[in-house]
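There are 4 protein chains.
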Amino acid sequence: MSAEPEDLQLQYEALLERDGVKVSKSPWGPDDEIGRMNWITPESQREILSRLDGSGVFDLGIEYFFGMPSWAAAHDPKFEIWMTHTPQGSVNDNLSGAGPDVHEKYSYCGDSIHMYIHTGTHLDTLNHLGYFGMFWNGWTAEKDLGSRVWNKGGADKYPPLIARGVLLDIAGLHGVDCLPDGHVITPEDLKAAAREQGTELRPKDVVVLRTGRMQRWPDFDGYIPDNPGLGLGGARYLCEDVGAMCIGTDAVSLDVAPHEDPEAFVPVHCYMFATAGAQIIEVLDLEEIAAEKVHEFALLAFPLKIRGATGSPIRPVAVPLRS
Amino acid sequence: MSAEPEDLQLQYEALLERDGVKVSKSPWGPDDEIGRMNWITPESQREILSRLDGSGVFDLGIEYFFGMPSWAAAHDPKFEIWMTHTPQGSVNDNLSGAGPDVHEKYSYCGDSIHMYIHTGTHLDTLNHLGYFGMFWNGWTAEKDLGSRVWNKGGADKYPPLIARGVLLDIAGLHGVDCLPDGHVITPEDLKAAAREQGTELRPKDVVVLRTGRMQRWPDFDGYIPDNPGLGLGGARYLCEDVGAMCIGTDAVSLDVAPHEDPEAFVPVHCYMFATAGAQIIEVLDLEEIAAEKVHEFALLAFPLKIRGATGSPIRPVAVPLRS
Amino acid sequence: MSAEPEDLQLQYEALLERDGVKVSKSPWGPDDEIGRMNWITPESQREILSRLDGSGVFDLGIEYFFGMPSWAAAHDPKFEIWMTHTPQGSVNDNLSGAGPDVHEKYSYCGDSIHMYIHTGTHLDTLNHLGYFGMFWNGWTAEKDLGSRVWNKGGADKYPPLIARGVLLDIAGLHGVDCLPDGHVITPEDLKAAAREQGTELRPKDVVVLRTGRMQRWPDFDGYIPDNPGLGLGGARYLCEDVGAMCIGTDAVSLDVAPHEDPEAFVPVHCYMFATAGAQIIEVLDLEEIAAEKVHEFALLAFPLKIRGATGSPIRPVAVPLRS
Amino acid sequence: MSAEPEDLQLQYEALLERDGVKVSKSPWGPDDEIGRMNWITPESQREILSRLDGSGVFDLGIEYFFGMPSWAAAHDPKFEIWMTHTPQGSVNDNLSGAGPDVHEKYSYCGDSIHMYIHTGTHLDTLNHLGYFGMFWNGWTAEKDLGSRVWNKGGADKYPPLIARGVLLDIAGLHGVDCLPDGHVITPEDLKAAAREQGTELRPKDVVVLRTGRMQRWPDFDGYIPDNPGLGLGGARYLCEDVGAMCIGTDAVSLDVAPHEDPEAFVPVHCYMFATAGAQIIEVLDLEEIAAEKVHEFALLAFPLKIRGATGSPIRPVAVPLRS
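Heads up: the sequence lines are chains D, V, P and U, in that order. What the first sequence shows, in this note's numbering, is residues 54 to 376, in sequence order. What the second sequence shows, in this note's numbering, is residues 54 to 376, in sequence order. What the third sequence shows, in this note's numbering, is residues 54 to 376, in sequence order. What the fourth sequence shows, in this note's numbering, is residues 54 to 376, in sequence order.
A few of these clues could be false.
For identical chains, the list gives no copy identity; a pair is met inside one copy or between any two copies.
Within a straight-line C-alpha distance of at most 30 Å, the following computed DSSO-like cross-link-like pairs (lysine-lysine) qualify [unchecked claim]: (1) LYS131 - LYS78; (2) LYS210 - LYS78; (3) LYS78 - LYS196; (4) LYS346 - LYS75; (5) LYS75 - LYS196; (6) LYS346 - LYS210; (7) LYS257 - LYS78; (8) LYS210 - LYS131; (9) LYS244 - LYS346; (10) LYS257 - LYS131; (11) LYS78 - LYS346; (12) LYS257 - LYS244; (13) LYS75 - LYS244; (14) LYS210 - LYS75.
Worth flagging that the hints you see were computed from the coordinates, not collected in a lab. Here the structure is a predicted model, which means the values were calculated and not measured.
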């Protein structure tokens, strides 16, 4: 068994196989917590950084704001922000202890946030979903989940993500601004988009898929329900045949909704994390790079090292590459 | 009046002058919300990106975790994280509506965070502090503060921060692991460190100051109270004579504590934001770049675009530059 | 001027009159923070407690739960609850420091809540709404609002609410399970209900109005929007002619929605708090006392003494009175 | 087996016995979720309510405020409150959609709270602690715990608590304002206090124990660590010999700290919930009833019906009883 995508098809040993699904043993060993992100090495970072073409810096992150759409189907909290210090409030409450006279002169403001980790542009880590209570590399709640957070696979384990990114504009392929609700992105879509764009997919790529859904942002009803997304076939094609490191999307979920299998719950997520050891990035703003036809780029994204978290908000940046 | 640091001394017009302090009118015009970060342009980004020496990628961000030290002197909330979905819990509560059988097979985890914005490694924006109720470019609570968040100067306005960074190792200058509690970093410290390191300070730099305080992380009592930090003289030297864009530190606060003036409340913050229009980065991990003597680098930091917020958590990355 | 309702019409001196509205000076003096709740005295409590007829104890509070309907029109947070300690999590994370072996034997669970104060059955205090920036007895944000919470009029100032309660079943009066959306409860409704029920309204009463809206609980769309409620005429009748201490409702808002005056924002609330110094109780479950025709009772409700808060969750209990 | 305390010693059948501890099967049947609170019946309520002596109404609840002491040994969140609407903020942000002109006239304030359930005066429910992963009546996380909250034993199941309360002033017995740190309240203390006071302990009582700790409130260091409290012997005496329904204290924990058995984690809590099916009330303010020598009273406390929660904040009221 090899951890290298060159050794296709990428098939990892199973820790659990049941009912058509598989939890893999990491080829990077029993202590591995980040799966395919092990492909990020000083050498791979250097190779990318040496080819930056600074002619453009594209911001792929969206804004966080009060009332922003987020995945709400399982009753997760909305994005919240509030003031903890205000200029006149600091005079009146003296929370700092400095005294009202001091705060008349020195005006103080501060704020706090409360958010579901999977809100806005974010990375999903491998502890986000699994099968039959088992997650990537054999993690289970019984031995690895604390009261508040996982002890395994958290966002804190991740290096700065510096890798080759490739945009596949599936909406563009179909000649639409936005794929229709529930459109299933298939292996054929992926291959056709790469061919039409003239884009080579390589092992260890971060492949980002444009559904056009960001055209509807920030309208909740237009953006959130029944998003177009990847089907299982497409996910397996990218992870096993291409050897992608990570897959991104501009929709709220990489999984198409509703799912192809009505008995499944975000099956592409589960496959990606537990079987393939591959991460997901969601809610990307791909409009500008699609308009500019920037199909190959350095993807720079630095997850907050939130200990044990099932992901992290990120603000990814794309920088074109010299060939 | 010019907005260019070349036109030193950098003195901006006053909107308010009183009791020895000044709120400046932005030289970038009445709509400006980001002050010196206007110096980040496609050209400045390109110049930096073209000089990356990928021989190293240094992570300057620290971990976020339950129980981590944070500034608590004004009763701000601690970092909190908790699960919103657990594998067996999802079977038992069916919050997703998919049904218990589905969740027996598809195991779901998710989590939420709650944090004061100024926790962990973070950027401070110009709406964080001001004088006499007035902030940079004339913002006031009366006209610009909502119930929950500012309408001006928020982290959402910031471009990806890609700029020349310079490390001044003040602890190293003094031959100590960590500067003593309450050490005031003076203009002389700054000049001596630059001279000893052989480092040129240039206009528009992000200057990061190593106090060595991260040696004590994450011990609350060792790290938080009475931190060594910059005095007002040093801040004025860097902002007005050098023309720095932004100043960073490895301590919890750029301001030395206690302050030189016992009647003041974080006066360096107030000066930086309201007078100089310059941002601050705090709680940086500078240990590795100091050990490796990486004194000049590309500073890459991508603030989350949190609308109206007084700052943003960031995970900055330093990449050495070819000369 | 007298603070006694016997001296009808109850008209308090104005601190501000403008554009048809009035902020009153409290007849209980400049330090008063609780308005008509000053009518609760040891004597008034004793009088009520001596007449309890223990033949029934009626629970008027509703459940707090994940997903419960709450007022969302101004983007307030939903009710949230989450675990901070779980049995196996405590073994795995050892947050208590007791050690995993100890937590194998001693299984620990705990949880936290996050909620908008005006969620579920709750009391509204006088600092909740005002006119032109001024609140009951002259409170203003400028001098009385801290960064986090009011310094005046908070729920912490309130005595245990022990008073005569009177149910007016307006839905019953109209022979319906639930008043239609947007039904305005008028003085005529109030008088007719009292007459039909044979219920005497007395000064210092807590008058609770049944709209029947709880029949639709907990359906968000059925319960929250366009609730039937009190019009300004009815509020003035109860506060000025009857001399009620407090008015309650089973709907999400005492104010009818939409309001009679489309240019107003919860005008009954504003009138009650700033002009009349009278509190409001909302989201009461009145179904059982209505079915049992318990029209007069001791109302027992003990607000949590949350310092500075604009209200408090309560679980009121009604106990029939001997005549 | 009988559920009546008259049938002393109160010994319930075991569902699990191991290592010296026992989880009981509820004598109220497999669906029971509230243990001894089943003793609250319409008859028991009527009996108490018919004997109220309204000569006094004593407030046993403490204030909730920013910075208040709470149990922090296992890293639970502090009490937090913040504004969600402010008068001028509502003009500037228009979260309600009513428009700035409307909010110039109609001034709006609101606030939200965030708290660990076991903060301030509160009731502990039977799902708070157990043994070896099993709780009262056989509940386990495996089958009964959701992602966010228990499905069994929550505060929502509780009736309004209306019962005979008895104060045992243990500090008074020892002639001190406050028992020394770590004082273990023994069966002898309990018997001696009852005898000295001339107070009869009866089955189904709520017994509240005064340690005097509230003398130090709200000083964190004085109030929280090493609290005097009940030892296991005293808990067994009250639950098994007296047949108490519930035990309260003015300290942060009913368990003495440190515990008699250094290998245990709040063993009195575990015994009370899992073995005896008896609830706990903590952080009571008993100073006034102790000073007034009100040793017997009606205890009125109405827990918020928070679905699944391990307890609820309450504001209990004591009303003296006619004999």
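Okay, the hints, checked on the actual structure:
Taking the shortest alpha-carbon separations for LYS131 and LYS78, neither the intra-copy value of 35 Å nor the inter-copy value of 36 Å comes in at or below 30 Å. Taking the closest pair of Cα atoms, LYS210 and LYS78 come within 30 Å of each other only inside a single copy of the chain (18 Å); across copies the shortest separation is 44 Å, beyond that limit. Proximity of LYS78 and LYS196 under a CA criterion of 30 Å is satisfied in both settings, with 17 Å inside one chain copy and 28 Å between copies. Taking the closest pair of Cα atoms, LYS346 and LYS75 never come within 30 Å of each other, the shortest separation being 37 Å inside a single copy and 47 Å across copies.
Taking the shortest Cα distances, LYS75 and LYS196 sit within 30 Å of each other both inside one copy (20 Å) and across copies (25 Å). In the homo-oligomer, the alpha carbons of LYS346 and LYS210 lie at most 30 Å apart only across protomers (25 Å), although the nearest pairing inside one protomer, at 33 Å, exceeds that limit. In this assembly of identical chains, the alpha carbons of LYS257 and LYS78 lie at most 30 Å apart only when taken from the same copy (19 Å versus 49 Å across copies). Proximity of LYS210 to LYS131 under the C-alpha cut-off of 30 Å is found in both arrangements, the shortest distances being 26 Å within a copy and 22 Å between copies.
Taking the shortest alpha-carbon separations for LYS244 and LYS346, only the intra-copy value of 17 Å comes in at or below 30 Å, while the best inter-copy value is 47 Å. Taking identical chains as interchangeable, the C-alpha atoms of LYS257 and LYS131 are never at most 30 Å apart, the minima being 34 Å within one chain and 38 Å between chains. Within a single copy, LYS78 and LYS346 get their C-alpha atoms no closer than 38 Å, and across copies no closer than 40 Å, so neither meets the 30 Å cut-off. Taking the closest pair of Cα atoms, LYS257 and LYS244 come within 30 Å of each other only inside a single copy of the chain (17 Å); across copies the shortest separation is 45 Å, beyond that limit.
With identical chains, the CA atoms of LYS75 and LYS244 are at most 30 Å apart within one copy only, with a shortest distance of 26 Å there and 60 Å across copies. Within a single copy, LYS210 and LYS75 get their C-alpha atoms as close as 24 Å, which meets the 30 Å cut-off; across copies the closest is 41 Å, which misses it.
In the structure shown, a violation is registered for the earlier hints numbered 1, 4, 10, 11, in ascending order.
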